[in-house]
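Given next are the chains, with one letter for each unit.
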Amino acid sequence: MSGHSYDAEKYWKANLRLIFGSLIIWALVSYGFAIVLRPMLSSIAIGGTDLGFWFAQQGSILTFIALIFHYAWRMNRIDKKFGVDEE
Amino acid sequence: MSQFGINILFVGGSFLLYIIIAIWAKAGSTKDFYVAGGGVHPVINGMAIGADWMSAASFISMAGIIAASGYASSAYLMGWTGGYVLLAMLLAPYLRKFGKFTVPEFIGDRFYSKNARLVAVVCLIVASLTYVIGQMAGAGVAFSRFLEVDSTTGLMIAAVVIFIYSVLGGMKGITYTQVAQYVVLIIAYTIPAVFISLQLTGNPIPALGLFSTHIDSGMPILDKLNQVITDVGFNEYTADVDSHLNMVLFTLTLMIGTAGLPHVIIRFFTVPKVADARWSAGWALVFIALLYLTAPAVASMARLNLMNTIYPEGTSVEPIEYENRPNWVKEWEVTGLIKFVDKNEDGRIQLYNDSPAFKDKADARGWKGNELDVNRDILVLANPEIANLPGWVIGLIAAGGLAAALSTAAGLLLAISSAISHDLIKGSINPGITDKGELLAARISMGVAIVLATYLGANPPGFAAQVVALAFGIAAASLFPALMMGIFSKRINNVGAIAGMLCGLAFTLTYIFVYKGWFFIPGTANLADTPENWVFGISPLSIGAIGAMVNFAVAFAVANVTEEPPIEIQELVESVRYPRGASQAQDH
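Residue numbers (full-length UniProt numbering), protein chains in the order written: chain C, 1 to 87; chain R, 1 to 588.
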């Protein structure tokens, strides 16, 4: 494995970008929609309550699952692209 | 068949299954004992993580906590799941690539310091031991209620079963029993929830039932619940919290604490490849979500059922007479977890919120105080009885609660024993120990850890009740930042990491001790643990997130004014970042 090559650095940057994007969504659904932004979403009704309540009790968990599978899938492709995937 | 017989059948049957698995999955080497040979399929590992993670707290207590405070408890739901996003992206794949056996081992190697490793061992043992006491005590409660033995005897039985499969099989035995325990606990949790959701909303999927229409009233179920509980003085179930800041920090503390808990991290060392570590985090969360999406439905429906039991004719009429209380109330009264005091001596059960705001209405109805105390922890266990479900469902719940407690206890005990045999004995005291010698040492430490946990479970010390503050606070403020910086920064050196961990830890523990008493000794708190006294309204349970920030800041500041890590350490950081070569890394 070429530890210090230009490609290795680009691989790591691609990983960091993907993590950064994922964590923005992670924070938005939980800290945002479910807590801080909940009062702003209160007009959107869902089954006897509001969208913020749904994100707090279910929506954020479903989003977390999607984020992890998306990350795993994208990283496998990035691993292959940069030739650092496992044999 | 009597209910007692059914319970014995379910619990005994499940225990027999775990022991058979243990004999089949005996560990032959330290690699088997610490990481199950390193060949566990990512879906299987995901399921094992699910059981490892979901403890007596998730299974027994969580729905009860949510039922009591509604929206405000969502922090637990998000906090105990959102940590898996951090694990999948920030820790698990790289620690798997590093390819060693324990969490302190990574910290010791990366920060080229035996002291750093020692700090990590101490954090691991305090966090895991606090956690395991709760599991043992939970198993004791489940036994005493369902198998009619006293809780100490129940605890002993649980300890013997854990002893057999974890001392014999180590991580290998634990992995496959955890898979079986996951299946038992998820079935046990889901079946009563489905029945109750069907009864109340006609929707067989509880997670959807939560947002459906209540059949009896024709209102959305959450509206109905809000109405019933506000009628007797409680806050709305869906009401917002007073402090968004505190809820954000509490959720964040639970998330990074989850990601930093060693007994979860070591499960990722058992898969063959780095890519598998990423996938198994996803699968773990799928299996966890099956319970976590059901829990809020169980919480609201159980609370509504409880209110309907006490106020069968509605909250505007007088509640049920004590003489006519249902059978499940009688049975739980025996355990002391439901208490009734007829304060106004009218022979009826007045259940309401005894607050100053409701006093006028209570006085007008001739109520002289709330008369029914229902321990939150019984909600899930009593659920099948409250909803009049058949006896076998009750047996299933007993087996499920025990599966949740035992699987988590075993994972924690493995984290503790491997820290002792691998980090302390092989790492410091006797580095020349043979693989066979180390395996024996691992088994002996496991045995000692079980005896200690059983003793503390039967005689819980004051700190045992502080699992959330202690285990999650410590993991969040010390272990998570050290691990993350070890991977994402080449600049953090030995002194920076140690200073960061110690400052994060000292800051967090001080804040907790000020409100909860020094070392949790009653009477030693400096300030009353109430929102008015908290700095910026931040509760001691939420402080771990700030402790983590202290850790990061101190580590960066100190590392920047001291020497760069040696070149071979920077190469180590490079190597954990690239997946290629992970299968070789573990054969050391």
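One or more hints might be untrue.
[Stated by the list, open to error] Label-pair ranges, simulated between beta-carbon atoms:
{"id": "1", "chain 1": "R", "residue 1": "Arg491", "chain 2": "C", "residue 2": "Arg77", "range": "25 to 35 Å"}
{"id": "2", "chain 1": "C", "residue 1": "Arg17", "chain 2": "R", "residue 2": "Glu563", "range": "24 to 34 Å"}
{"id": "3", "chain 1": "C", "residue 1": "Met40", "chain 2": "R", "residue 2": "Gly391", "range": "30 to 40 Å"}
{"id": "4", "chain 1": "C", "residue 1": "Ser42", "chain 2": "R", "residue 2": "Ser428", "range": "31 to 41 Å"}
These aren't lab readings, by the way, just hints derived from the structure by calculation. Remember, predicted model here, so these are calculated numbers, not experimental data. Ideal Cβ placement from N, Cα and C applies to all residues, glycine included.
### Query
Looking back at the hints listed earlier, which ones does the structure fail to meet?
Structure breaks hints 3 and 4.
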